[in-house]
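Chemist: If you read the protein sequences in the order shown, they are chains A and B. Our numbering puts the last residue of the first sequence at 1579; the count rises by one with no breaks. Our numbering puts the last residue of the second sequence at 1486; the count rises by one with no breaks.
Take the hints with a grain of salt, since some may be wrong.
What the hints assert, rightly or not - Cross-link-like lysine-lysine pairs, in silico, DSSO-like; alpha carbons within 30 Å at most: (1) B:LYS458 - A:LYS1357; (2) A:LYS1329 - A:LYS1405; (3) B:LYS1441 - A:LYS1361; (4) A:LYS1290 - B:LYS1052.
Derived from the structure by calculation, the hints contain no laboratory data.
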Amino acid sequence: MTSELDIFVGNTTLIDEDVYRLWLDGYSVGDAVALRVRSGILEQTGATAAVLQSDTMDHYRTFHMLERLLHAPPKLLHQLIYQIPPSRQALLIERYYAFDEAFVREVLGKKLSKGTKKDLDDISTKTGITLKSCRRQFDNFKRVFKVVEEMRGSLVDNIQQHFLLSDRLARDYAAIVFFANNRFETGKKKLQYLSFGDFAFCAELMIQNWTLGAVGEAPTDPDSQVDDMDMDLDKEFLQDLKELKVLVADKDLLDLHKSLVCTALRGKLGVFSEMEANFKNLSRGLVNVATKLTHNKDVRDLFVDLVEKFVEPCRSDHWPLSDVRLFLNQYSASVHSLDGFRHQALWDRYMGTLRGCLLRLYHD
Amino acid sequence: MPGKLKVKIVAGRHLPVMDRASDLTDAFVEVKFGNTTFKTDVYPKSLNPQWNSEWFKFEVDDEDLQDEPLQITVLDHDTYSANDAIGKVYIDIDPLLYSEAATVISGWFPIYDTIHGIRGEINVVVKVDLFNDLNRFRQSSCGVKFFCTTSIPKCYRAVIIHGFVEELVVNEDPEYQWIDRIRTPRASNEARQRLISLMSGELQRKIGLKVLEMRGNAVVGYLQCFDLEGESGLVVRAIGTACTLDKLSSPAAFLPACNSPSKEMKEIPFNEDPNPNTHSSGPSTPLKNQTYSFSPSKSYSRQSSSSDTDLSLTPKTGMGSGSAGKEGGPFKALLRQQTQSALEQREFPFFTLTAFPPGFLVHVGGVVSARSVKLLDRIHNPAFVGIMSNTRSYKLLDWNSFNSDEPETRDAWWAEIRQEIKSHAKALGCHAVVGYSESTSICEEVCILSASGTAAVLNPRFLQDGTVEGCLEQRLEENLPAGCGFCHIPYDELNMPFPAHLTYCYNCRKQKVPDVLFTTIDLPTDATVIGKGCLIQARLCRLKKKAQAEANATAISNLLPFMEYEVHTQLMNKLKLKGMNALFGLRIQITVGENMLMGLASATGVYLAALPTPGGIQIAGKTPNDGSYEQHISHMQKKINDTIAKNKELYEINPPEISEEIIGSPIPEPRQRSRLLRSQSESSDEVTELDLSHGKKDAFVLEIDDTDAMEDVHSLLTDVPPPSGFYSCNTEIMPGINNWTSEIQMFTSVRVIRLSSLNLTNQALNKNFNDLCENLLKSLYFKLRSMIPCCLCHVNFTVSLPEDELIQVTVTAVAITFDKNQALQTTKAHVEKSLQRASTDNEELLQFPLELCSDSLPSHPFPPAKEHLESASSNSGIPAAQRATSVDYSSFADRCSSWIELIKLKAQTIRRGSIKTTVTVEKTSPMGEGNFRNRSAAPCANSTVGVVKMTPLSFIPGAKITKYLGIINMFFIRETTSLREEGGVSGFLHAFIAEVFAMVRAHVAALGGNAVVSYIMKQCVFMENPNKNQAQCLINVSGDAVVFARESELEVVSTQQPAANCQPACTGGEVTT
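Pulled out of the complex, with its shape left as it was, chain A reads as follows (with noise of 0.2 Å):
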């Protein structure tokens, strides 16, 4: 006696949340069977394994044919054939879209093209996350990314109205998408410490200050086809970092800088001395980093940049977080009292994402 065909269909589709997050995790059948067993599901319901094999193969039948809906959510609400109630329908979206913080760190800042998918298989072994999984994800940032990356206005808007996300997730796409799009260096061994959070915080700063949709302003000339997209960073700003310079080329500027900052910290700071030592290096790596940014390179370097010019000296010497904090808050605000400098606004445009950035990164 061998089953030919065996099927379930409910006028409410049916979804196991543990059986979608096995399928999402890229189990084969047998295996998630097996998975299954192991959790005490057969003693708990009294169920055999027979009867879990075709409640198993039934729901990944369901989710294969959800998978078409789940490429475009909006599809999913609009359809007819599965009647789901709405909060399913968001958790099998959510649930769809979420990613692993290994994947993602793997990924985070690569070409999403057809040769990154090929290094999955690596990606796979390295991480062990199965490589359906990995594949899926892959396809997700694969997918999002070519839905908005035409698109004007802002980038968590954008995404959350077409993948109907959450804002937590819609942000994280955001910061993934934008990584993709400006090929930020993160797999650099020097950056391994650093979370896929601590990018997306970056990446959110960046997106909301660095780019063209920050500007915020209409564009002057309302037929100019330069887009006013969050995922580019504004070639204008960026160039006119150059001007920056002169805080670190200037001898004079650069002393008096210095003094301004240390006449502020003195007793307040912890290491005092050693940033009295290392003022002038950790200043011209700051400005240094702003103003190559012209070029594509050292756009991409710039998370490398910023952890050898000034998250690893600092951590050498032992500062303590609040004593960075208090630092790069006085760099920054100094720099008011520099008459001669004339860039204030663009300074604060510049400093006020880095010193977040800076915070953020700075941890063991």
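Based on the hints, put chain B in the right spot on chain A.
Modeler: Same frame as chain A, now just chain B:
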């Protein structure tokens, strides 16, 4: 010009990409009705076209309106080659033809293609303007309402229940026409879908005409089936119960309107009917009379005059029954005469209802069934086929003009079976059959026709004229105790039609009751039940040699009595094992295959307080010499006893202990055991023992000498009870549970297994089949575990044998959650409450008179052809000239020895027990108002827009149906030539069933409804050819589209605007963007 149909095509969405180059589609729409076609403009390069067309107007006869579906085809315009079809939508416009239902059909319909499935959606608006037509000889029956529900629909009142209506239509199956060889599968499927749609329309119209002749305005319990007879054609047949229904003015007001009959009279049904011709003029006066004064109408008095002569037709009843009870006796006889005489006038006093207005049902005799094996004959004349497909391939054939005996043959077949059912019922002292249904099973050219129902005595009160009325009324109320009346035997104790063990009723102690009661109806709402019920199934397979034509039919005929007998034995054993004494909703399905017969009986077992406690099951060995053997037997016995005890606990069966003295049984009680015979060697003298054994606590003896019995015992013990928190039944509601919450989940599950063909024995086959059903149930319990505590209601198993080694089982049921903490009102309290209500509602009883006039006789034309056939079959030879040869099963059985005769009698006519109806009145609905109160606390989970609920039940828990929008009857074919790519057979069928559900929901939503009740999947024919990577499936579903409102919402509405008859907020719009 009786009607104008108006159609507007608004928009499309999610269309498939038809032009690979641009990834877009240039879509336009063809709207076709009858022979008229309109087209929209092409909406270029869009997957979401906005046609916003003008109103397309079709001027048509109402006859066509009833028969034809509106056909909408979406196409992709192609400048250089032929336009590609994207898909179609068929819309049945019947719901627009009667005033109380929908007024407009508007919404998104899935665009369906028989090869690709659903491909996007289209937004359509349809309206109908009907003009009055005063032609008396018209062929249409617009305005007659149809309900699948097998009880009086919730927001209606039965003024008159007229009785049985049936009709069948025959046509050639397009799949078997020669043209099918040259047309595409798509064209063939579409021809078939369209033809069946046409035939259903025609059938419904014809039934409607019969109803109008009977002066009814509705058909309740409408059941339409297709017989795919292959080369010999396609039969669409339907049965139903004609009624005159009256809409209750307000959905909330269940209170009888009888306080002011004059006011009621103004609401004579269908006064607002768009074509009021026949109704308004004809029946209004006699209707009034019958409803309120019970004075005989003309036709009625004719009956009563003839009633005396008809008495001779009623055997075994009548005056002789005086001994049945001192008070009840003569009275009963009187009732019987009167009911009988009226019912005798009907050709078939059958009712497809399974639940009844209070007071309708007096006694239940037991299950009656009849089967007959027929040979379908091919259409030999190729010229004949040619004519049809050439000239009229798309027009419905009028068979009567071509080949007069074809539909007549089918009619005669059914008439024969119905006649048999009627005589079985008579033998039980009953004049009516309720819970009546018919079915067929076809394999190649052999067809088994089956009919079954429950013999019953109906309340004659509805038949009396005014003078007798008063006293009868009183007597009924005096005499009939609550909750047990229907159990009392209707037949004469001294002249019993079959052996049974009678005792005095355990409830009233006055009347006799049988030891067990089998019925096909739902549990009457007033029945006193102890504990809970459960699903009981008997499963059986018998191998049969492959044979051709007559030999095959003979073999099947010979097997049938044995199968029926064994199914009955199995049911009885399982019932006893559960510690219960009655079966409701019994449905025995016999399926014929190439090399086997399958029997599947499903029923809901309950413990009726009025019937005696069932005895246990005793195992006996014939060769008690062997010590180890004895040990084995005692071990088995212990196991069985344990199971019974466990079941009693599980189903909370704790009947009050009653000592013998209280019962005062006059029946001597030697502890004799009834002996059930199974092996052929047992001779007829043992049979007499079966007759005589009247032991009160009789035990069933199973002799386990032969392997068959061994197998039986095993199968008894392998049935696993559902996990805790789960109950299951195949009736509308679970006896003993009454605190339903609002969560429901309807589902269909299909399984096909392949048998290993090597060494098939009956045992192996039985085990396989048993495992299949048990595993299927286990899977359902597991899948629905999140709903615990819940009950699977209306569990409906269908077995088919698509190929030699394949068994297909289809299950449709609904899982309903209930509140464990809230309820558990004791049964007594429940009964008391219903009694109280009974007294207040008594008046309302008068509103349900049963009209048993013979008006409809001429409407059942069973012409001489019937006699012709009968004589042919009685000659026992099979005349070669006969187009459709008949092998009559009973004539074969005649040759069998006398004991088989007895078995046959027993198996074929399982009749048990009797009853007298009580005055205890509760709503026919299981949703009595008292129950509502309990459930009102349930959270209103269904606030989402666009949800359409589906349920096989006639009600929705926690909600009230406020409007019936019309019948949904849909037929779909799906075919694929890329089976593997669509996920194999499971993927293919899963997607198809999901699509069918979607299309049903879309149609309901477009009618303005938010639920389908009495939903049934009548057919699911699945064929595969994995080698060719092909599969095909046909599905036929039906149900009633309704609008329901949650209890809580209803209350809000009624407090805000008490008089308003408005639709509550929950009126489910469609899923829109």
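Chemist: Hint by hint, say whether it matches the structure.
Modeler: Each hint, compared with the structure:
For a cut-off of 30 Å, the pair hint linking LYS458 (chain B) to LYS1357 (chain A) stands: about 26 Å separates their Cα positions. With a C-alpha separation of about 27 Å, the suggested pair LYS1329 (chain A) and LYS1405 (chain A) falls inside the 30 Å cut-off, and the hint holds. As the CA atoms of LYS1441 (chain B) and LYS1361 (chain A) are separated by approximately 39 Å, the hinted pair breaks the 30 Å bound. For the suggested pair LYS1290 (chain A) and LYS1052 (chain B), the alpha carbons sit about 56 Å apart, so the restraint of at most 30 Å is broken.
Hints 3, 4 from the earlier list are contradicted by this structure; the remaining hints agree with it.
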